[in-house]
Amino acid sequence: MPWTYDPRTYNYRDEETGRFISAQDVIEVSGLALDRTLPIASQLANLLATDRLTLRDWEILMRQEIKSAYIQQYLLGRGGLNRMTQADWGSIGGMLTKQYRYLNRFSREIARGTLTEGQIAARSQMYFNSARQAFSRGRARAM
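Note that my numbering numbers the sequence shown so that position 48 is 84, with each residue one more than the last.
The reader is advised that the hints may include incorrect statements.
Said to hold, decoys possible - Derived Cβ-Cβ restraints for the label pairs, each shown as a range:
hint: 1; residue 1: 121; residue 2: 90; range: 35 to 41 Å
hint: 2; residue 1: 79; residue 2: 169; range: 20 to 26 Å
hint: 3; residue 1: 71; residue 2: 153; range: 35 to 41 Å
hint: 4; residue 1: 97; residue 2: 133; range: 15 to 21 Å
hint: 5; residue 1: 42; residue 2: 141; range: 37 to 43 Å
What the hints assert, rightly or not - List of simulated lysine to aspartate or glutamate pairs, DMTMM-like, C-alpha gap at most 25 Å:
hint: 6; residue 1: 134; residue 2: 101
hint: 7; residue 1: 103; residue 2: 93
hint: 8; residue 1: 103; residue 2: 153
hint: 9; residue 1: 134; residue 2: 71
hint: 10; residue 1: 134; residue 2: 153
hint: 11; residue 1: 103; residue 2: 124
hint: 12; residue 1: 134; residue 2: 124
hint: 13; residue 1: 103; residue 2: 145
hint: 14; residue 1: 103; residue 2: 64
hint: 15; residue 1: 103; residue 2: 71
hint: 16; residue 1: 134; residue 2: 145
hint: 17; residue 1: 103; residue 2: 52
Bear in mind the hints are in silico, worked out from the structure with no lab data behind them.
Where a beta carbon is used, it is the ideal one built from N, C-alpha and C, also for glycine.
The task is simple: from the sequences and hints, build the whole structure.
Set out below in structure tokens:
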């Protein structure tokens, strides 16, 4: 079901039926996309815990995944890539800068060796869940 964003109504429309997509359905899609990051957080934590990934490589991969989640969420809230402005990209950059600072501190905690694989996975997922703010900011900018 392809969707098109209608900037006059601030809603997505189903291209096949012409009907508007409910705000609840858009939020559900946003949540489903974030739910797909749970295995990523667990996989990266496992690779790190089993020494198949260095801490630096783990942090690089986490940054890439967080960035992807934030961009995806913001785009969904904003109405798609064609609606993006330089200010929008700057907003995403600001949110990511903050998350990267937190991630750097988290990485230093991991280096101390006091966290279990499960703790690392659970906390990693929190970074992905924080991408909900990107959806909200994109939605606010769209309006």
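Given hint residue 93 paired with residue 103 - CA-CA distance at most 25 Å: holds, 15 Å
Given pair status - residue 124, residue 134, alpha carbons within 25 Å: With a Cα-Cα distance of about 16 Å, the restraint between residue 134 and residue 124 holds, given a limit of 25 Å.
Whether the CB-CB distance between residue 121 and residue 90 falls inside 35 to 41 Å: Distance hint for residue 121, residue 90 holds at roughly 38 Å.
Pairwise beta carbon distance, residue 97 to residue 133, judged against the given window 15 to 21 Å: holds, 18 Å
Holds or violated: residue 103 to residue 71, with C-alpha atoms at most 25 Å apart: holds, 16 Å
Hint consistency between residue 103 and residue 145 [alpha-carbon to alpha-carbon, up to 25 Å]: The hint holds at about 21 Å.
Restraint status (C-alpha distance of residue 134 to residue 101 at most 25 Å): holds, 15 Å
Holds or violated: residue 134 to residue 71, with C-alpha atoms at most 25 Å apart: Cα-Cα ~22 Å, so holds.
Given pair status - residue 124, residue 103, alpha carbons within 25 Å: Given pair residue 103, residue 124 holds - Cα atoms ~14 Å apart, limit 25 Å.
25 Å Cα cutoff - pair residue 103, residue 64: The given pair, whose Cα atoms are some 20 Å apart, holds under the 25 Å limit.
Satisfaction of hint between residue 52 and residue 103, Cα-Cα up to 25 Å: Between residue 103 and residue 52 the Cα gap is close to 31 Å, so the pair fails against 25 Å, i.e. violated.
Distance restraint evaluation - residue 42, residue 141, Cβ atoms, bounds 37 to 43 Å: Between residue 42 and residue 141, where Cβ atoms are some 42 Å apart, the hint holds.
In this structure, the earlier hints numbered 3, 17 are contradicted, and the remaining ones agree with it.
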